[in-house]
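One letter stands for each residue in the lines below.
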Amino acid sequence: MSDWSKVTRPIPVPNEWTRPFWDAAKNHRLELQRCQNCRSFQHPPYATCVQCMAIDLKFEPVSGTGTIYAYTIMYHTGDKRFASAVPYASIIVELDEAPGALLAANLLDAPYTEAKVGRRVEVTFEKLNDDITLPQFRLAG
Amino acid sequence: MWDNRCKIAVSGVGFSKVTRSADIPLAAHALTAVRDAVADSGLQMADIDGLATYPELPATGHAEVDGISVVSVNCMMAMLKLPALTWHIQVGTTNIGGAVQQAVNALLAGVCKYAVVWRAMHNPSGTYQNLPGAYAHGAAQFTAPYGFGGPGQGMAVAYTRWLERHGQNREKMATLAVTQRRHTQHNPHAWFYGTPLTREDYLASRMVAYPFCLFDCDIPVQGAVAIVLTTADRARDLKPKPAYIAGYGQRLHFEVAGRIGSLSSYMEGGSSSAKLTWERSGFSPKDVDVAQIYDGFSASVIYGLESYGFCKEGEALDFIQDGRIELDGELPLNTFGGSLGTGRIHGLWHIIEGALQASGRAGSRQVKDANVSFVGASAPIVTGTTFIFVGDPY
Numbered sequence: 001m002s003d004w005s006k007v008t009r010p011i012p013v014p015n016e017w018t019r020p021f022w023d024a025a026k027n028h029r030l031e032l033q034r035c036q037n038c039r040s041f042q043h044p045p046y047a048t049c050v051q052c053m054a055i056d057l058k059f060e061p062v063s064g065t066g067t068i069y070a071y072t073i074m075y076h077t078g079d080k081r082f083a084s085a086v087p088y089a090s091i092i093v094e095l096d097e098a099p100g101a102l103l104a105a106n107l108l109d110a111p112y113t114e115a116k117v118g119r120r121v122e123v124t125f126e127k128l129n130d131d132i133t134l135p136q137f138r139l140a141g
Numbered sequence: 001m002w003d004n005r006c007k008i009a010v011s012g013v014g015f016s017k018v019t020r021s022a023d024i025p026l027a028a029h030a031l032t033a034v035r036d037a038v039a040d041s042g043l044q045m046a047d048i049d050g051l052a053t054y055p056e057l058p059a060t061g062h063a064e065v066d067g068i069s070v071v072s073v074n075c076m077m078a079m080l081k082l083p084a085l086t087w088h089i090q091v092g093t094t095n096i097g098g099a100v101q102q103a104v105n106a107l108l109a110g111v112c113k114y115a116v117v118w119r120a121m122h123n124p125s126g127t128y129q130n131l132p133g134a135y136a137h138g139a140a141q142f143t144a145p146y147g148f149g150g151p152g153q154g155m156a157v158a159y160t161r162w163l164e165r166h167g168q169n170r171e172k173m174a175t176l177a178v179t180q181r182r183h184t185q186h187n188p189h190a191w192f193y194g195t196p197l198t199r200e201d202y203l204a205s206r207m208v209a210y211p212f213c214l215f216d217c218d219i220p221v222q223g224a225v226a227i228v229l230t231t232a233d234r235a236r237d238l239k240p241k242p243a244y245i246a247g248y249g250q251r252l253h254f255e256v257a258g259r260i261g262s263l264s265s266y267m268e269g270g271s272s273s274a275k276l277t278w279e280r281s282g283f284s285p286k287d288v289d290v291a292q293i294y295d296g297f298s299a300s301v302i303y304g305l306e307s308y309g310f311c312k313e314g315e316a317l318d319f320i321q322d323g324r325i326e327l328d329g330e331l332p333l334n335t336f337g338g339s340l341g342t343g344r345i346h347g348l349w350h351i352i353e354g355a356l357q358a359s360g361r362a363g364s365r366q367v368k369d370a371n372v373s374f375v376g377a378s379a380p381i382v383t384g385t386t387f388i389f390v391g392d393p394y
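Taken in sequence, the protein lines are chains A and B. The numbers in my numbering rise by one with no breaks, and the one at position 118 of the first sequence is 118. The numbers in my numbering rise by one with no breaks, and the one at position 182 of the second sequence is 182.
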């Protein structure tokens with residue numbers, strides 16, 4: 001299992017589009033940008049709805065269960081801050097309620113060999129500091 | 001079909017030395033390549049009146065310094081002091097293929113007569129792809145905290161999806177790496193000229209970002225390549241046999257920045273560009289005699305072969321087997337060695353090889369009787385452009 005305890009992750013810097021996502025994550029809630037016209041979710045947040053071009057977008061909660069859409073196992077240690085976790089699984093998650101909205105994460109609490117396309121996962125939260133908590137994923141129980 | 005089919009041609013081509021480290025400023029490499037291309041055409045530098053490039057450094061976390069890590073149009077203008085210069089441009093959305101297409105358009109518009117396009121690539125010292133510092137801004141806030149750095153991992157996630165959805169096996173990619181390295185042995189300009197690669201080497205090589213091993217990734221190098229484009233009439237009066245541009249296209253699909261892993265975005269990018277190219281040129285995949293498909297990471301070739309229409313989705317790793325992509329195969333592929341053989345110079349070298357094959361100038365790697373020569377000049381997802389060159393303009 002990857003040892004994340006010695007990894008120093010780059011800290012996300014929220015901006016006007018993304019702040020609600022990080023505010024929700026801080027309270028251990030996963031909220032995604034949703035179009036108030038066609039009701040589709042999208043991620044990463046964007047200025048307009050990429051489905052229908054509406055500009056009325058709000059962040060709404062999602063349950064946080066989904067499947068591994070894709071993944072890679074990182075072996076390269078070019079960035080020393082992540083070297084202690086190598087090999088580790090970086091995954092792309094497609095949430096049940098938000099098809100097409102793809103979230104990057106790491107697969108936590110499981111050997112990297114458990115990362116497979118289609119495997120069920122659920123959200124968990126990793127606190128980086130008082131302002132930022134990262135949504136992460138683990139295999140669904 | 002396109003009204004301007006075969007009205008513009010590639011004439012001369014030029015190369016600098018390809019080196020692993022930046023011993024001399026990149027501007028010197030670019031100047032060497034441009035001089036070489038102009039001389040290959042039989043022109044004088046003073047004849048050149050158009051300049052175009054795409055000056056990006058694809059490494060992240062490094063400073064862009066003109067003349068050192070990129071070579072802009074301004075830098076080239078300062079070096080060449082062209083007395084007849086009438087047109088120039090730098091492109092942003094479509095990589096170096098877009099610069100070539102803009103030069104084609106300028107020649108068709110009659111705002112220049114002889115345009116030079118170059119691509120100069122720097123290899124910075126230290127780690128090529130650096131994650132952002134302590135903080136991740138912009139699109140990186142959703143990727144960098146999870147260890148996603150350069151484009152390799154972004155492409156690797158789409159590759160696992162492709163492999164597992166189609167029940168495929170990454171070991172089949174050895175055929176691409178080994179065949180291209182064999183082609184490389186006919187290209188003295190390439191970084192890996194003189195260095196063979198076996199199937200065993202590929203299968204034993206260290207993993208970088210699964211499913212990519214070391215030999216799925218092009219090696220960062222320092223170097224430059226260049227071409228001269230002109231109108232078909234003028235090209236016929238120059239030294240080399242022209243390679244006529246029968247058609248071109250560019251990707252018409254774009255993903256929101258930071259959305260990574262989507263396989264469909266590669267397919268939609270590639271197919272939109274290829275569709276324009278087939279329609280404009282009047283050709284279809286079955287007419288193609290030789291193909292160059294961008295291979296900065298090996299999986300790009302899969303997405304290219306499938307989205308351009310050479311084979312069905314899910315079949316590319318089977319398509320490349322059984323000698324099909326050899327120089328005497330059904331679809332000779334990346335006959336100059338590809339980026340996996342030359343080193344990371346991006347797609348202008350693919351365009352150069354497409355032109356050389358169409359005009360019968362590819363030397364010991366020349367595909368016999370090649371006329372219809374296809375090029376996919378960059379990864380179809382972000383910056384995809386496609387071209388067809390022909391030696392016979394009818």
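Honestly, the hints are just simulated from the structure, not real lab data. Quick reminder that beta carbons are idealized off the backbone N, C-alpha and C, glycines included. Don't take each hint at face value.
[Claimed, not checked] Cβ-to-Cβ under 8 angstroms is the rule here; a few derived chain B residues that face chain A: (1) S125; (2) A134; (3) L203; (4) A204; (5) S205; (6) I260; (7) F283; (8) P285; (9) C311.
[What the hints assert, rightly or not] Heads up, simulated DSSO-like pairs for lysine-lysine below, C-alpha to C-alpha not over 27 angstroms straight-line: (10) B/K241 with B/K286; (11) A/K58 with A/K6; (12) A/K116 with B/K312; (13) B/K7 with B/K312; (14) B/K241 with B/K113; (15) B/K172 with A/K116.
Verification of the supplied hints:
1. S125: Since the shortest Cβ distance to chain A is 13 angstroms, the answer is violated.
2. A134: Given a least distance of 6 angstroms, the restraint on B/A134 holds.
3. L203: violated (15 angstroms)
4. A204: violated (14 angstroms)
5. S205: violated (11 angstroms)
6. I260: Where the cut-off is 8 angstroms and the nearest Cβ of chain A is about 7 angstroms from B/I260, the hint holds.
7. F283: Violated - the Cβ of B/F283 stays beyond 8 angstroms from chain A, reaching only about 33 angstroms at its closest.
8. P285: violated (27 angstroms)
9. C311: violated (22 angstroms)
10. B/K241 with B/K286: Between B/K241 and B/K286 the Cα gap is close to 25 angstroms, so the pair holds against 27 angstroms.
11. A/K58 with A/K6: violated (36 angstroms)
12. A/K116 with B/K312: holds (24 angstroms)
13. B/K7 with B/K312: Roughly 32 angstroms between the alpha carbons, so the hint for B/K7 and B/K312 is violated.
14. B/K241 with B/K113: holds (17 angstroms)
15. B/K172 with A/K116: holds (19 angstroms)
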